[in-house]
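Residue strings, one per chain:
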Amino acid sequence: MADLYIMLAVFFASLAIGFLIIAKVPPRLHTPLMSMTNAISAVTILGAFLIFSVETGSWVKLLGLVAMGLAAFNVVGGFVITDRMLRLFRRHERQAGTESAEGG
Amino acid sequence: MMLLTNDQVVDLAIIAVLLIGVAQFRSVRRARAGNLIAAAALACSAWLVVYRYGLIDPGIAAAGLALGLLAGAWLAAKVNMVQIPAMIAFQHGAGALAAVLISFVELTRLPTADTVVRTLSGVLGMVVGALTFTASMVASGKLSKRMKQRPSFLLWHNTMLLAGIALAVFLSIPATRAPGAGYAYWLVLLAAVSGVLGVLFSIRVGGADMPVLISFLNATAGLAAAFCGVAIGNRLLIAAGATVAASGSILTYVMCEAMNRTLGHVLMPGKTPVQNPRITEADRGVDALSEVSVTEATKTSDPLPAAAEAAIAVTSVIIVPGYGMAEGQAQHETVLLANQLVSMGKKVRFAIHPVAGRMPGHMHVLLAEADTDPDLLIEIDEANQAFRDTGLVIVVGACDVVNPAAITSTGTPISGMPILRADEAQNVVVCNLDRRPGYSGVENPLYDKANTILLLGDARVTLRQLREALEAAK
Numbered sequence: 060m061a062d063l064y065i066m067l068a069v070f071f072a073s074l075a076i077g078f079l080i081i082a083k084v085p086p087r088l089h090t091p092l093m094s095m096t097n098a099i100s101a102v103t104i105l106g107a108f109l110i111f112s113v114e115t116g117s118w119v120k121l122l123g124l125v126a127m128g129l130a131a132f133n134v135v136g137g138f139v140i141t142d143r144m145l146r147l148f149r150r151h152e153r154q155a156g157t158e159s160a161e162g163g
Numbered sequence: 272m273m274l275l276t277n278d279q280v281v282d283l284a285i286i287a288v289l290l291i292g293v294a295q296f297r298s299v300r301r302a303r304a305g306n307l308i309a310a311a312a313l314a315c316s317a318w319l320v321v322y323r324y325g326l327i328d329p330g331i332a333a334a335g336l337a338l339g340l341l342a343g344a345w346l347a348a349k350v351n352m353v354q355i356p357a358m359i360a361f362q363h364g365a366g367a368l369a370a371v372l373i374s375f376v377e378l379t380r381l382p383t384a385d386t387v388v389r390t391l392s393g394v395l396g397m398v399v400g401a402l403t404f405t406a407s408m409v410a411s412g413k414l415s416k417r418m419k420q421r422p423s424f425l426l427w428h429n430t431m432l433l434a435g436i437a438l439a440v441f442l443s444i445p446a447t448r449a450p451g452a453g454y455a456y457w458l459v460l461l462a463a464v465s466g467v468l469g470v471l472f473s474i475r476v477g478g479a480d481m482p483v484l485i486s487f488l489n490a491t492a493g494l495a496a497a498f499c500g501v502a503i504g505n506r507l508l509i510a511a512g513a514t515v516a517a518s519g520s521i522l523t524y525v526m527c528e529a530m531n532r533t534l535g536h537v538l539m540p541g542k543t544p545v546q547n548p549r550i551t552e553a554d555r556g557v558d559a560l561s562e563v564s565v566t567e568a569t570k571t572s573d574p575l576p577a578a579a580e581a582a583i584a585v586t587s588v589i590i591v592p593g594y595g596m597a598e599g600q601a602q603h604e605t606v607l608l609a610n611q612l613v614s615m616g617k618k619v620r621f622a623i624h625p626v627a628g629r630m631p632g633h634m635h636v637l638l639a640e641a642d643t644d645p646d647l648l649i650e651i652d653e654a655n656q657a658f659r660d661t662g663l664v665i666v667v668g669a670c671d672v673v674n675p676a677a678i679t680s681t682g683t684p685i686s687g688m689p690i691l692r693a694d695e696a697q698n699v700v701v702c703n704l705d706r707r708p709g710y711s712g713v714e715n716p717l718y719d720k721a722n723t724i725l726l727l728g729d730a731r732v733t734l735r736q737l738r739e740a741l742e743a744a745k
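Quick note, the sequences are listed as chains W and F, same order.
FYI, in my numbering the residues of the first sequence are 60 to 163.
FYI, in my numbering the residues of the second sequence are 272 to 745.
It should be emphasised that the hints constitute simulated quantities derived from the structure, not laboratory data.
The reader is advised that the hints may include incorrect statements.
[Unchecked claim] The following label-pair restraints were derived from C-beta to C-beta distances:
| id | chain 1 | residue 1 | chain 2 | residue 2 | range |
| --- | --- | --- | --- | --- | --- |
| 1 | F | W318 | W | Y64 | 20 to 30 Å |
| 2 | W | R146 | F | A314 | 14 to 24 Å |
| 3 | F | A284 | W | Y64 | 34 to 44 Å |
Don't be surprised by glycine CBs; every beta carbon is placed ideally from N, CA and C.
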């Protein structure tokens, strides 16, 4: 039961900290932010690993295989696209060799 | 409170690293490092799960992992910046479907004596995941134009939605009970009903409302992951899911504010016909004192020389890009024109409306791809203070976000929406494909103003012609 309380505490603490941090993200970075959080939401991949942590039937293995593939697709795609976008943002700065203003 | 175990300390450390990564997004300079930090935190947590619980079938797990990684990386490297919203919606869908499958497997093998909270979380993870999956697929289809962009209304749409919700609640009751005979079938049925609900919700949302829908799906994808985490009993999953839910909620709120709409309004739109405001003579008249006199003549003669003349005469220019610019692939021409104007000694800025693209911040990415100086980009508040003292506004593929009817009229879909006050500038050049109303269907009185010059047609062509005219005049 203690574990359950910890889980609930983790949920609400992360929600609150997330709100505090993300409210300060400038509009300029909203697309990369969503792209990165999109990748983070594929953290369900941990669940896909856990499916394979105990002996299971072949149907469950198949479901696990599909879940693993989908979550991996989401996680790597999200981080790679975010990185591509953020490189675009930095490109101009590097070319111009100037200090870019922070924030939106 | 008891002391934390080693495992809990390690988990909390990884959660902290993840949040530190997200926190880097407060600055453009550090965001890239933040993305890598978050990716590293996820990689660590995956390794940790394997280390703690082991893998019975490493071959199958590795095969799924490799396939997903390859496909994900390949598509992510290939997609262009205009397609980003469709791609993100598609990825949301993939992640949500994974959450459905994982919740399903966990529910069917939870011990019967397990807590109600865990079972309920599993059921919620499945419901929210299935909703997010189908809604994301619809959103992705609409954004990539594989489906029609306008809202689709089915017969008895609201009735079906309510019936679906009732059915989902009804099915959830046996689903949260202890597993018994036929339990898996109840779950499959529940997931199917949730999926249908997702379609019913999302097909009614169209074009300009997409930024709200995609932000909302971002939040629900996070929520599905968090529920899934409670069902599995994994703290990392819960924390990451909750953070994403927070982020998606904030973006949804920001987008709704930018359009002066409520989330309910976007997801449950009424089917009211668009009433066009009456355009009065006062709207057509020149109410700003023109810095340069390009008034009546422009309406009759060739608009291009008049536009060039205005651009040469003024000292400051604000460019207002809209989604039409991206659709017409005109962002590079727009930036070339801006560079030309800068080289002529003009003060040039880009005014970005929060919903100018198809997702929050999309326009910034499109302009970054076209290599715009980020210092030239200004947000709506700053822009609206500047328009009055601006000689020329160049609108590229934007309509609703510069439609003064949002302020002057009541009862239209855009009434009360914060707009960019391009109409307050001394001269306006509109480089749109045609003079039809934007997505909202509301006629734009800006087009009829005496100091507005319409350069209709493909913006790639009209912008190039304008730039060449400016070069020739130099």
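Practice problem: For A284(F) and Y64(W), compare the CB-CB distance with the range 34 to 44 Å and indicate the outcome. | Solution: Roughly 20 Å apart at Cβ, these two residues miss the hinted range, so it is violated.
Quiz prompt | Outcome of range test on Cβ distance (W318(F), Y64(W); 20 to 30 Å) | solution = 27 Å, holds
Quiz item: So does R146(W) sit 14 to 24 Å from A314(F), Cβ to Cβ?
Solution: 20 Å, holds
Comparing the model with each numbered hint stated earlier shows that hint 3 is the single one that does not hold.
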